[in-house]
Each structure stands twice: as structure tokens, then as C-alpha cells.
Amino acid sequence: MSPGELGPLASIRVIADREIFVKLRDKAFIGSTIFMLLLVAVGTAVPVLLAQSVPSLRVAVEGAGAQAVVEQAARLGEQAQQAQPSIPPSLAVLGAGGLPPADLTSVVVEPGTDVERMVRNGDVSAAVVGEDVGSLRLLGAQSVPLEVETLVRAASAALQVERAAVAGGLSPEQVSALTDPSVPQVTLLAARPNGTVAPELLVLVFAFLFYLSVLTFGMSIAQSVVEEKQSRVVELLVAAMPVRWLLAGKVVGNTVMAVGQIVVILGTGLLGARLAGQGQLVSQVLGASGWFIAFFLLGFVMLACLWAVAGSLATRTEELQATTVVMQVFVIVPFFAAIFALEPGSVQNWLSYVPFTAPLLMPARVVLGNAAAWEPVVSAGIVLVTAVLFVLLGARLYEGSVLHTQSRLHARQAWRAWRSERR
Amino acid sequence: MGEQLALHGVTRRFGDRTALDDVSFTVRPGRTTGFIGANGAGKTTAMRVVLGVLAADAGQVTYGGAPITPAVRRRIGYMPEERGLYPRMRVLDQLVHLGRVHGMTTTAARERSSGLLEELGLAERSHDHLSTLSLGNQQRVQVAAALVHDPALLVLDEPFSGLDPLAIDAMGELLRERASAGIPVLFSSHQLELIERLCDDIVIIDAGRVLVAGDSATVRRSTTGRRFRVRVELAAEASSVAGASWAQALVASVPGASLVGQDAGTLLVGLTPAADDQVLLGAAQAAGTVREFAPVLPSLAEIYREVVR
Numbered sequence: 001m002s003p004g005e006l007g008p009l010a011s012i013r014v015i016a017d018r019e020i021f022v023k024l025r026d027k028a029f030i031g032s033t034i035f036m037l038l039l040v041a042v043g044t045a046v047p048v049l050l051a052q053s054v055p056s057l058r059v060a061v062e063g064a065g066a067q068a069v070v071e072q073a074a075r076l077g078e079q080a081q082q083a084q085p086s087i088p089p090s091l092a093v094l095g096a097g098g099l100p101p102a103d104l105t106s107v108v109v110e111p112g113t114d115v116e117r118m119v120r121n122g123d124v125s126a127a128v129v130g131e132d133v134g135s136l137r138l139l140g141a142q143s144v145p146l147e148v149e150t151l152v153r154a155a156s157a158a159l160q161v162e163r164a165a166v167a168g169g170l171s172p173e174q175v176s177a178l179t180d181p182s183v184p185q186v187t188l189l190a191a192r193p194n195g196t197v198a199p200e201l202l203v204l205v206f207a208f209l210f211y212l213s214v215l216t217f218g219m220s221i222a223q224s225v226v227e228e229k230q231s232r233v234v235e236l237l238v239a240a241m242p243v244r245w246l247l248a249g250k251v252v253g254n255t256v257m258a259v260g261q262i263v264v265i266l267g268t269g270l271l272g273a274r275l276a277g278q279g280q281l282v283s284q285v286l287g288a289s290g291w292f293i294a295f296f297l298l299g300f301v302m303l304a305c306l307w308a309v310a311g312s313l314a315t316r317t318e319e320l321q322a323t324t325v326v327m328q329v330f331v332i333v334p335f336f337a338a339i340f341a342l343e344p345g346s347v348q349n350w351l352s353y354v355p356f357t358a359p360l361l362m363p364a365r366v367v368l369g370n371a372a373a374w375e376p377v378v379s380a381g382i383v384l385v386t387a388v389l390f391v392l393l394g395a396r397l398y399e400g401s402v403l404h405t406q407s408r409l410h411a412r413q414a415w416r417a418w419r420s421e422r423r
Numbered sequence: 001m002g003e004q005l006a007l008h009g010v011t012r013r014f015g016d017r018t019a020l021d022d023v024s025f026t027v028r029p030g031r032t033t034g035f036i037g038a039n040g041a042g043k044t045t046a047m048r049v050v051l052g053v054l055a056a057d058a059g060q061v062t063y064g065g066a067p068i069t070p071a072v073r074r075r076i077g078y079m080p081e082e083r084g085l086y087p088r089m090r091v092l093d094q095l096v097h098l099g100r101v102h103g104m105t106t107t108a109a110r111e112r113s114s115g116l117l118e119e120l121g122l123a124e125r126s127h128d129h130l131s132t133l134s135l136g137n138q139q140r141v142q143v144a145a146a147l148v149h150d151p152a153l154l155v156l157d158e159p160f161s162g163l164d165p166l167a168i169d170a171m172g173e174l175l176r177e178r179a180s181a182g183i184p185v186l187f188s189s190h191q192l193e194l195i196e197r198l199c200d201d202i203v204i205i206d207a208g209r210v211l212v213a214g215d216s217a218t219v220r221r222s223t224t225g226r227r228f229r230v231r232v233e234l235a236a237e238a239s240s241v242a243g244a245s246w247a248q249a250l251v252a253s254v255p256g257a258s259l260v261g262q263d264a265g266t267l268l269v270g271l272t273p274a275a276d277d278q279v280l281l282g283a284a285q286a287a288g289t290v291r292e293f294a295p296v297l298p299s300l301a302e303i304y305r306e307v308v309r
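If you read the sequences in order, they're chains D and X.
Taking the working numbering, the leading residue of the first sequence gets 1, the next gets one more, and so forth.
Taking the working numbering, the leading residue of the second sequence gets 1, the next gets one more, and so forth.
Keep in mind that the hints are not guaranteed to be accurate.
Stated by the list, open to error - Covered, in the sense of this in silico footprint (three residues per stretch, anywhere, with C-beta under 8 Å from a C-beta of chain D), are these stretches of chain X: (1) 42-53; (2) 77-89; (3) 101-109.
Stated by the list, open to error - Distance ranges between label pairs, derived from CB positions: (4) L166/X x R412/D: 46 to 52 Å; (5) Q223/D x S161/X: 26 to 32 Å; (6) E111/X x I34/D: 31 to 37 Å; (7) P70/X x I34/D: 41 to 47 Å.
The hints are simulated quantities; they were obtained by calculation from the structure and are not laboratory data.
All values derive from a computational prediction rather than experimental measurement.
Just so you know, even glycine gets a beta-carbon here, dropped at the ideal spot from N, CA and C.
When you get a sec, could you build the whole thing from the sequences and use the hints?
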């Protein structure tokens with residue numbers, strides 16, 4: 001057996017493999033991934049379930065005309081439940097596919113009853129008052145439920161048309177064609193650019209994913225480094241390969257896992273949305289996630305080597321809290337800055353070019369639709385250059401400190417120690 | 001077959017402290033070399049320089065006459081003084097990982113690791129986390145870690161520390177076996193009698209300087225000169241009359257002899273190179289009945305105390 005010549009790539013691969021292998025067996029990692037997947041699944045399923053439940057509404061009715069209209073409206077609401085199940089009710093409310101499905105129950109009241117009080121007290125969702133179909137009043141407390149308004153309006157229109165048609169001497173077939181015309185197929189050519197979820201919400205979700213991922217995987221890089229230092233394995237490793245390769249392997253391994261986790265989470269969310277019939281949401285997120293993942297990758301690598309340095313400045317796991325404080329600030333402050341700069345404006349524009357906040361804000365501007373095509377490219381370039389600088393800085397500090405097992409170091413000492421430590 | 005490893009004038013400073021001062025010695029293939037020195041003498045630093053974990057400020061390390069390369073260093077089996085394995089990784093997994101770090105394929109590393117664990121009696125612990133093993137067993141895994149890539153050179157820092165007597169024998173056996181397979185073996189130890197028993201060559205280092213280096217027997221012969229053990233049964237009246245002073249008288253009558261030690265009738269006598277051992281024998285016979293007369297090599301411990309003093 002002759003040990004093969006191990007080039008840098010093969011060496012980095014060996015180290016990265018171990019990082020991945022250990023992560024895949026780490027109960028905390030598996031647990032947190034499952035938790036986030038559940039969160040995403042719940043996040044996509046619950047609004048859909050809520051929206052898909054057909055609302056049951058009680059409508060008070062006073063007068064013959066009102067009664068006829070509400071009964072007709074209830075019929076329309078019932079028909080709508082059978083028709084076009086492919087369109088989610090939430091969209092149907094917006095008029096995308098005809099009338100909204102609803103269970104309307106009419107509560108007939110005696111003349112002279114205080115209908116207004118019933119509505120105010122919330123005994124009924126709305127009230128329809130009037131003898132004549134042509135002059136009805138629709139009462140609501142703060143607002144009339146959209147379903148009720150739409151259905152009542154349609155029913156009243158239909159009844160009036162029917163009355164006029166009958167008066168005009170049309171046959172029942174002609175009347176029916178008039179009152180129940182075939183609804184045109186609705187096709188949105190320029191659907192709202194913001195799709196079905198508020199873009200601000202999407203940006204928040206992306207920012208939170210980035211924040212969580214950088215924090216947990218950054219910490220995991222630091223831990224992995226200090227574990228090797230504390231257990232002295234690092235001496236065996238450094239005897240077999242240059243320190244830089246070791247660092248590169250760690251960064252690559254953890255980056256693969258971080259990006260992998262994000263892709264799995266986004267994928268699950270998209271799959272969930274597709275299953276729930278929210279095709280529009282899927283294309284919206286897909287369009288935005290390209291830049292998000294690109295910036296995620298750059299932003300993660302930019303900080304990864306510094307996380308390794310934070311680990312190598314400590315000698316024991318207990319010291320990590322102290323040595324990673326700066327890194328936590330590097331992640332948390334940009335996160336909040338990005339959240340407070342959600343409103344488009346000059347602050348947001350500037351911050352989307354600052355390397356720390358760019359990974360959060362530039363994809364956000366793309367989603368919000370206020371970035372020119374060249375802007376993310378320039379910003380990505382800035383982050384990339386910063387990443388290269390940080391990787392070089394991180395490599396030097398790491399080389400200067402990873403073999404120093406006696407006591408906690410400061411970055412300045414690691415910087416100076418670099419020259420003397422390595423061949 | 002391994003090649004010869006050599007240090008040539010290696011110097012290493014930490015700040016204003018000189019840890020290694022112009023250190024030169026060789027580790028020959030097919031032989032075990034014992035590295036002796038007090039704590040802080042520079043053993044670990046020298047080994048780290050060999051491994052490339054530390055850089056030398058001056059001097060160089062050669063292997064087979066040429067400056068050592070990273071590729072050669074990757075073929076060293078190394079056991080660091082403070083040990084070093086992943087506590088929360090399964091025994092077999094980490095041996096495979098270390099094998100791969102040293103350039104083996106996963107398959108080869110797995111095969112070899114399983115074989116080593118079998119050999120060391122740890123096969124049934126292969127899938128346990130290292131931290132659940134007893135210290136002795138962890139030490140055995142550490143040995144396996146140094147051997148997993150079938151090293152062309154062994155550098156072991158205090159391989160015997162923390163071992164029980166049986167494990168010490170097994171480790172000694174293993175080092176001898178490796179050396180007879182033709183590779184250079186360098187190890188350090190505080191246990192001088194162990195080194196005396198196991199080593200073909202010795203290197204004594206103190207305060208960063210090599211005091212003695214070379215073939216163990218030659219060193220022991222040359223460092224303190226010739227010594228003889230003489231056991232004399234005195235005539236009854238002589239022993240009661242002369243007491244202890246007879247020995248002084250005996251040695252004084254032999255040119256170039258000095259009394260190194262005495263235990264009743266047994267004397268340890270040092271002779272200068274010019275002195276005649278037969279004169280000593282004659283003097284002893286004159287004093288009484290000689291029951292034993294033999295040249296002795298000083299123990300390593302004695303040499304160590306003498307050169308370090």
C-alpha cells in the first residue's frame with residue numbers, strides 16, 4: 001500500500017467530508033433542521049387551510065325583497081363551493097374566478113326589530129333590509145364581509161335583471177341566460193408583481209433564514225476548530241497537511257451544509273406551496289431565491305474564516321462565548337439594520353452595498369422590485385472582494401493561533417505569531 | 001525500507017528562550033532511537049520540528065539525505081505528547097478519517113483500521129465513541145492512529161506514559177517489531193530503564209543542546225570509561241580487622257583505579273583507559289577469594305545523571 005500523493009483539493013475534501021459526516025450525525029443539527037422544516041410546512045399549510053375553509057355567515061333579513069335577495073345569494077354561495085375548486089377561496093374573493101363560496105344563513109326578523117343593534121352586537125355578520133329588490137340596504141358593523149357583499153350584490157343584480165326581463169316578455173330560457181351568464185375565464189396578464197405574499201414578508205423570511213444559518217453554522221465552525229485544538233487532534237492534522245488546507249476544508253464542509261440546509265428548507269416550502277395550490281407563490285419565491293442563495297453563499301463564506309479564527313483564539317469550548325462575541329455582533333447588527341431598512345429609500349440603497357448588510361438587503365431590493373438589473377451584480381462583487389480579504393485575514397490569524405494551546409489569544413497576538421509558527 | 005532521518009544544526013527560539021540550540025542527531029532505519037531529556041529539555045520541540053508543526057529558525061531536517069518534504073512528512077506515524085483524537089467520534093470512523101488525511105483511500109483506510117483494532121483487541125469497540133473507552137484503550141487507539149497509514153517513519157512522544165506494565169511490554173514489542181521491519185523509530189521517554197532495554201541508539205538532550213548521541217552500547221562504554229565489578233570473600237580475620245578500609249587500600253594499590261561504589265564485599269571499580277584490569281584482579285586475589293570479576297556497562301540512568309550534571 002502506498003499512500004497516494006494528496007493534493008490540496010483532495011486534502012480539503014477529506015476535511016470537508018468529516019465536517020459534513022459529523023454534522024449529519026449531530027442530533028442538534030438534525031433536530032434543528034426538522035424543526036425548521038416543520039415551521040416551514042406549518043407556515044405554508046396553515047394560511048391555505050384557513051383560507052380554504054368556507055366561511056359560515058348569518059345575515060339578518062327584513063322585508064320581502066331582502067329575503068328573496070339573500071336566499072338567491074345563499075344559492076350562489078353554495079354553487080360557488082362546487083364550482084372551480086382549483087382556485088383558492090382567498091383569490092376568489094378578489095374576483096379571480098367568479099363568486100366567493102360561502103354558507104349564508106338568512107335570519108328573518110319581524111318588522112320593527114332593531115336590526116342595527118343585531119349587527120352592532122355581532123349577532124349577525126350583516127343585515128339586508130328592504131321590501132323592494134331595487135332599493136335594499138346592506139348593513140355591516142365595521143365592514144360587511146366581502147363574501148356577503150359580493151354575493152348579495154350579484155343576487156340583487158340577478159333578481160332585478162330577471163324582473164325586468166320578465167316584464168319585457170322574455171322566455172324563461174332567455175331570462176336564465178341573462179341572469180346566469182357564463183363567466184369569462186379570468187387570466188391575469190400583469191399579475192401584481194408582489195404575487196400572493198407581501199414582498200416584505202418574503203424578505204423577512206429570507207433575512208431570518210440567513211441570520212439563523214450564519215449564526216448556527218458559524219458557531220459550528222468555531223466549535224469544530226476549538227474541539228480539535230482542545231483535544232490536540234490539530235497537531236496530527238497539521239503534521240499531515242498545511243494549516244490553510246485544513247481551514248479551507250472546514251469552511252467548504254460547513255458551507256455545503258449551510259447552503260444545503262437552506263435549499264432543503266426553501267424546497268420544502270415551495271413544495272408545500274405547490275401542493276397547496278399556490279403556484280403563484282412558488283414562481284415568486286423561485287424568482288427571488290436565485291439572488292438570495294447567491295448572496296447567502298458569498299455572505300457565508302465571507303464570515304466563515306473569521307468564525308474559524310474565533311474558534312482558534314480559544315483553547316477550550318468554554319471560552320468560545322468570549323471569542324465569538326465580535327462575530328455575533330457582525331451577524332446580529334446587520335440583521336436588525338436590514339429589518340429596520342425594509343422601507344425602500346436611500347438608507348436601504350446604501351446598506352445594500354455594505355458587505356455585511358448586502359447579503360440581506362440586496363436580494364430584498366430585488367424582491368421589492370426597486371433594484372436595477374446591474375445593482376445586485378455590483379453589490380455581489382463588493383461582497384466577493386470583501387470575502388477574499390476576510391479569507392486571507394482569517395487564514396493568517398488561524399495559522400497564527402491554531403497551534404497555540406496554552407492560553408486564550410487576542411487577534412493581535414495571532415497576527416504577530418503567524419510568521420514564527422509555520423514552515 | 002525507510003531512509004535515515006537526520007537533524008542538522010536545528011535551532012528554534014520562542015521569544016528570547018532558545019528551545020533547541022544547534023541540535024544534530026540521526027535516526028537510523030531498522031533501529032529504535034530513544035530520546036532522553038528532562039521536562040522542557042526540547043524533546044517535544046525537536047519532534048514538532050521534524051513533523052513540520054513548528055518551523056526551525058536555523059538548520060534543517062533531512063530524510064534520506066535530502067531536505068524533508070511534505071509528502072515524506074505525511075508518511076510519518078506521529079503520536080503527540082498530549083495525544084489527540086476526537087472524543088465524540090467513533091473509534092473506527094476517526095481512524096479512517098486520519099488514514100484519509102494521510103492520503104489513503106477510504107476503502108484502504110477502513111480495511112487497515114479494522115485490522116489494527118482487531119490486533120489491539122478493540123474490534124468490539126469500533127463503533128463506540130472514543131470518550132467512552134478507558135484511558136488505556138484510548139491510548140491503544142492513539143497507537144492505531146499513528147500506525148494506520150503504514151508509516152515509513154515513527155515519531156512517538158512519550159508513548160509509554162500512562163500505560164500499565166503489560167501495555168508497556170506490548171508497546172515495546174510493537175516498537176521493536178516496527179524497527180525490525182526496517183523503518184526508523186524515534187521515541188522519547190522518562191523511563192530510562194525502558195530506553196536502555198529497547199533502544200539501539202540514544203540521544204540525550206538537555207536545555208536544548210544534544211549532550212550525547214549514538215549507539216547505546218558505545219555511549220555506555222565511552223561516556224564513563226571502563227568499570228569492573230569485583231566480589232571478594234575476605235579471610236575472616238581480615239574483614240574484622242580492616243573493616244571498610246580494605247577496599248580503599250585495594251584500589252589504591254592499582255594504578256588508574258578508583259572506587260565507584262561498594263556493597264559489603266562487592267566493589268564497583270572504575271579504570272582509566274591506560275589502567276590494567278589484570279593488576280586489579282591480582283590485587284583483589286591478594287585481598288581474598290575472588291568470586292566474581294566482570295566488566296560492567298553503566299546504566300543509562302547513571303550516564304544520564306553524569307552527563308546532565
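**Report entry** L166/X versus R412/D beta-carbon gap, inside 46 to 52 Å or not
**Finding:** 50 Å, holds
Query raised in the report: Is the hinted range of 26 to 32 Å satisfied by the C-beta distance from Q223/D to S161/X?
Result: 29 Å, holds
Requested in this report: State, for the Cβ atoms of E111/X and I34/D, whether the hinted interval 31 to 37 Å holds or is violated.
Outcome: Once the Cβ atoms are compared, 35 Å apart, the range 31 to 37 Å for I34/D and E111/X holds.
Query raised in the report: Range hint 41 to 47 Å: satisfied by the CB atoms of P70/X and I34/D?
Result: 42 Å, holds
Query raised in the report: Three or more residues of the segment 42-53 of chain X near chain D by CB distance under 8 Å?
Result: Holds: 4 residues of the segment 42-53 of chain X have a Cβ under 8 Å from chain D.
Query raised in the report: With a cut-off of 8 Å between beta carbons, are at least three residues of the segment 77-89 of chain X near chain D?
Result: Since 10 is at least three, the answer is holds.
**Report entry** Claimed coverage, the segment 101-109 of chain X by chain D - three or more beta carbons nearer than 8 Å
**Finding:** holds (count 6)
Going through the hint list in order, the structure satisfies each hint without exception.
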